[in-house]
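Asker: Here's the letter readout for the chains.
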Amino acid sequence: MKFATLGVALLAQTAIAADPTLYALMAVTKEYVVGAKLPPSGLFRHEPTGWQHLNYNHPFLFGLDYDRSDPATLYLAAGNGLFRVARKAPEWTQLTGSDVTELRDVSVDPRTGAIYFGHSHGIRVSTDRGSTWRELSAGLHRKYTEAIRADRVNSGVLLVGGEEGIFRSTDSGAKWKLAGAAGIQITRIEQSPRDGCQWLATTYEGGLYGSTDCGKSFEATGRVGLGRNLYDVAFDPTNPARIAVAGWGPGVALSEDGGKTWQSRNSGLPAPEVTAVAFDPAHPGRIYAAVHQEALFVSEDLGKTWSHSGLDGSSVARLKFVPEGGSKQ
Amino acid sequence: MKTLFGLAFATLYMSVPLVAETPEFAQRKLEIIDAYAHYPGPGDAGYGQIAARLWKHENPEWCSRRLEELLAAGPTGDMFWMFPVTAIAHLDQGQLTPSARQALKRAWKTYMPYRGDTENHFLLYYSTLYLMSQYWPNDGPETWYTGKSSAANLEEARQWIENWVKLTTARGQGEYDSPHYMGVYLIPMSYLAAWAKNPAMKKRAQMMLEYLIADYAPENLEGLYVGAHARVYEDQLVERWKGVSSDFGWLWFGVGRRLPMPDNYVLYYALASGFEPPEILKKIGTDRTNAYTHLERKRTRNRWRFNDDLHGPVYKTTYVRKEYAVGSDQGGILQPIQEHSWDVTWSVPDPRGVQNTFFTVQPFSSIHELQTYFVFNPDPAIEGVVKSKKTYDSPDKLLGGSPYESIFQDRDTVIALYNIPAGTRFPGINGFFSKDLGETREDPSGWIFMKAGDSTYIACKPLRPYEWKPIAGGGRRLFSPYPTNGVVVQVAAQSEYPDLAAFGRAILALPLETKVEPTPRVRFRSLRGRVLEFEYGEVPSVDGKHVDYANWPLFGGPFLEAAVDSEKLTMKYGELRRELDFRSLTVKETGR
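So the sequences go chain by chain: A and B. Heads up: the first sequence begins at 1 in the working numbering, then just goes up one per residue. Heads up: the second sequence begins at 1001 in the working numbering, then just goes up one per residue.
Derived by calculation from the structure, the hints in this document are not laboratory data. Nothing here was measured: the structure is a model prediction, and the numbers come from that model. Where is the CB? At the ideal position from N, CA and C, for every residue including glycine. A hint or two may mislead.
[Said to hold, decoys possible] Straight-line distance between alpha carbons at most 25 Å, and here's what the computed DMTMM-like set of lysine to aspartate or glutamate pairs gives:
id, chain 1, residue 1, chain 2, residue 2
1, B, K1397, B, E1467
2, B, K1435, B, D1454
3, B, K1389, A, D99
4, B, K1148, A, E135
5, A, K320, B, D1379
6, B, K1202, A, D99
7, B, K1282, B, E1467
8, A, K216, A, E164
9, A, K30, B, E1383
10, B, K1568, B, E1383
[As the list claims (entries may be wrong)] Derived coverage of chain B by chain A (criterion: at least 3 residues anywhere in the stretch with Cβ under 8 Å from a Cβ of chain A; other residues may be distant):
id, segment
11, 1152-1164
12, 1384-1392
13, 1539-1548
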C-alpha cells in the first residue's frame, strides 16, 4: 500500500462514518459434541430485521477481523482453519490446510494487510491474502496462542497472549519479549481505538492487565476479575475513559475512568456469565453483552438496564463491529 | 496396453476383496452386511441400509429415494456423515439415479462437516475428503464447502494421511487401543485400500490395515480388547464384550461373540475392502497356548498447553494367557477423560452380560486436564464434557487416568501406587469388584482373594484401610480415602492351585514390604519368583535391575517386533515372519 493510501485508510478508520454492522460468532452448544446435530450456529450479522445466519453451520468460530482496505472481506479463525468470507455472497474459502488446527484469534494488520492468527501450537502470518503461511512462534517457549493483535500504529509490532503471559514482537514476529502477566493465561488483547499506546488484556484468574507504553509492559490494573476468568474487554470508541470487561462471575463490569474503578452492570442479565462484550461505535451508550447459553443482551444506558437481543441459547465467542460497504473506507 | 490399464483400473476401483477370502470369513462378512441390508429393527432406514443394499445390488430405486430424503433433511454428523456417504458414492456403480447423485454432490458444497479435534476425527475427515476429491477429480473450488478445488482437497488430505501413517509407524497411535474407536481407524484404511486410485496410497492403506489388526491381535482375549486403552466408554469398560472390538475379533478371527446388531464401524469396514487378515495374524490373534508378555509404546494425545512436547510416550505392558490377561500403562494423564490404565480380564465361556474385569482408579477430574488437551474456555468445560461423558466429574467413577497414579506391571503382577495432593477434587481411590466375581475372601493379613470365573484367581492387597460401596447394577466399589495409597495385585490361573485357599496360602508366603509415608513404596516377590521394587514417582526394578523405559519398543514380544522410529513392523509366529516396511511400502513374508 502506498503511503498516501495508507494515510487515508487510517484516517477513515478512526472516524468510521457509516454505521458499522455488528457480527457475532456463536454456537448453540448445549447438547452439541462433534458429530452431533448442531442448531444454527456460526457467523451471524445483525440487521434491522434481526440476526441473519451467514451460510455455513459451524460449531467453533472464535476470531473475526477484516481487511481495512477491503472491509467486504472477513477473516474467521475457526477450529478447522482460517476462513475468508465474502460478506455479500457469502462465499467461504478455507485458507489453511491440515497443519494447523484450533485457531483461536485472527488479526489483520491495518497498515499492511498481513493476516496473523494464533492457533493451538503457534502463530502464523500470511502476506499474500492467505495463499501461503509462515510460522512465527519459534521464539516462544510455549506455543499455544489464544489472543493476537497487530498494532495499528507501530509498524511490525505484534502482541500475543498464550499460557505464559503477554509477549511483544517489534519485528513482525521474528523475536518475542515477555511484556507482562508472566505465567498467567491470556484470553484477549485489545488496543484502544483512541490511544494506540493503550492496551488491555484479559486473563484467567489474573484479572485485567493494562499497558500505557504501547504494549512494552503490562501491569495488573486492580481487582476486577481477580480469581475469576475474564473473556473479553472493550474500549468505548466514543469515550476514551470508558472500558467494559466480560467474565464468568464478574459478568459485565464497566469503568468510566480508564480502569481505576469498576461498577458491576449485571442487573437484568440472567447470569453473570458473560463471554463477549462490545460498545456500539455509532450509538453512544449502547453496549452488547453475550450471556453464556442464554442470549445476547443490549443496553442503551451502558448496562444499567438490559433487553434481549436474540441469539437465544448461544455461547458467543466474539462480537465485532465491521464497517459496511465493499469500498475502501 | 491401454485395455490392460483400463482393466487394472476397474479392478482397483471396485469393492472386491484384496485377496481371495476364506469361506468362513466371507460368510461372517456377509452376515454383517445382511444385518444392515435386511434390518428389521425399529426406526427409519439410514445410510447404513442404503450402503449395504448397494453393496448387494438390491433395490436401487429405494436406495436413491432414501438417499435423497436423508440429504434433504440436512446432513449432520460431520466426519460421521462423511464416511457413510463416501461409501454410498463408491458402492453406487451405476445403481443410483442421476438425481440422487446430484443431491449427494450438492451436499458437499452446502454442508460443512467439521474436521473435529481427535485423531480419529481427522483420519475419517481426510480419508473421505481424499476419496471424494478423487471421485470428482476436476471440480473447481466453487463446488466444495472448503472453497478449494478437488486437486487442492486431495493434496491436503494426502499430506495428512501420509503424515499420520508415518507418525503412527514411528511413534505409535495417539488414540491407541480403543475397544470402540479402533473401528474408525479401520474404516478409513479399508476405504483407501479398496478405493484409492493412487497405487502408493492404496498399498499404504492395505499395509496399515495389517498394522492396525496386528496392534489388536496380541491384546485380544477371545475377541475382548484387554489391557490399557486410550479411550473406552464406561459400559464397555466393565462389560468388556460391549466394545466394537467384539465385532472385529469375531469377523477376523472367528472368536468371541459379535454384538447383536453389529456396529456400523464393522459394516463400513466390510463394505469397502472387507480385508481378511493374513494367516499369521489369525494365529497371533488366537493362539494362547503359551503365556506371553507383549510391550507397546504409544503417544499421548496432542497436549496443547502446559507441556513442552506435543506428545509424551505411553509405555504399555500386556500379559496374556488363555485364562486371563493383565494389562497396564505407566499411569498419569495420557489421554483426557476416557483413559483406562490397568486391569485384569478373565476368560469366560460367554462374555455377554458378564463384567469379567478388575481394576482400581483414582477418580480425577480437573480443568487443568481439559485445558491440556482442549482449547475451550475453562468455566463451562466440565459441564460440556459431562454432556457426553456422564461420569467424568463424579467421585465414584471408574474411568479415567490420574496424574497421581503410578503403575508398574511385571507379567501377571501389578503394583498401582497413588500420591494425591491436598486439595484434589476427589481424594481417594476406587476399586471395581465385579458382580461376577466368585468367592471373595478378605484375609486378616489385608489381602483380598477372589475367584474370577472358572479360570482365574486374583489377589489384591490394598495398602490402606477401605470401605465397600454398592455399585448400581451390581458389584461393589472399594473406596479408600487416603492420599498416599496403593494396591498390589497378583493373578494366577485356577489350574495352578487346587482351590482359592491354596492360592491364598501361596500369596501369603510371598515376601511383601510396604510403606505409605511419605510416599508409597512396595517390595514384593511375585508368584513368578521375581523381586519387584516400586516407589511412587521412581523407576521400578525387577530383581534389582531398573526397568528400561528409554529402550521400550514400539512393539515387543513373541508376536510383534518394531523399534521406535523404524516405520517397520515384523510379525512373528513360529518360523513365519511377515515384515511391513512403510518406507519402501513393501511386505515381505518368509518362513512358510
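Asker: Now, for every hint given, state plainly whether the structure supports it.
Answerer: Going down the list of hints, with the structure as the test:
no.: 1; hint: B:K1397 x B:E1467; result: holds (16 Å)
no.: 2; hint: B:K1435 x B:D1454; result: holds (15 Å)
no.: 3; hint: B:K1389 x A:D99; result: violated (29 Å)
no.: 4; hint: B:K1148 x A:E135; result: holds (22 Å)
no.: 5; hint: A:K320 x B:D1379; result: holds (23 Å)
no.: 6; hint: B:K1202 x A:D99; result: holds (23 Å)
no.: 7; hint: B:K1282 x B:E1467; result: violated (44 Å)
no.: 8; hint: A:K216 x A:E164; result: holds (16 Å)
no.: 9; hint: A:K30 x B:E1383; result: holds (9 Å)
no.: 10; hint: B:K1568 x B:E1383; result: violated (42 Å)
no.: 11; hint: 1152-1164; result: holds (count 5)
no.: 12; hint: 1384-1392; result: holds (count 3)
no.: 13; hint: 1539-1548; result: violated (count 0)
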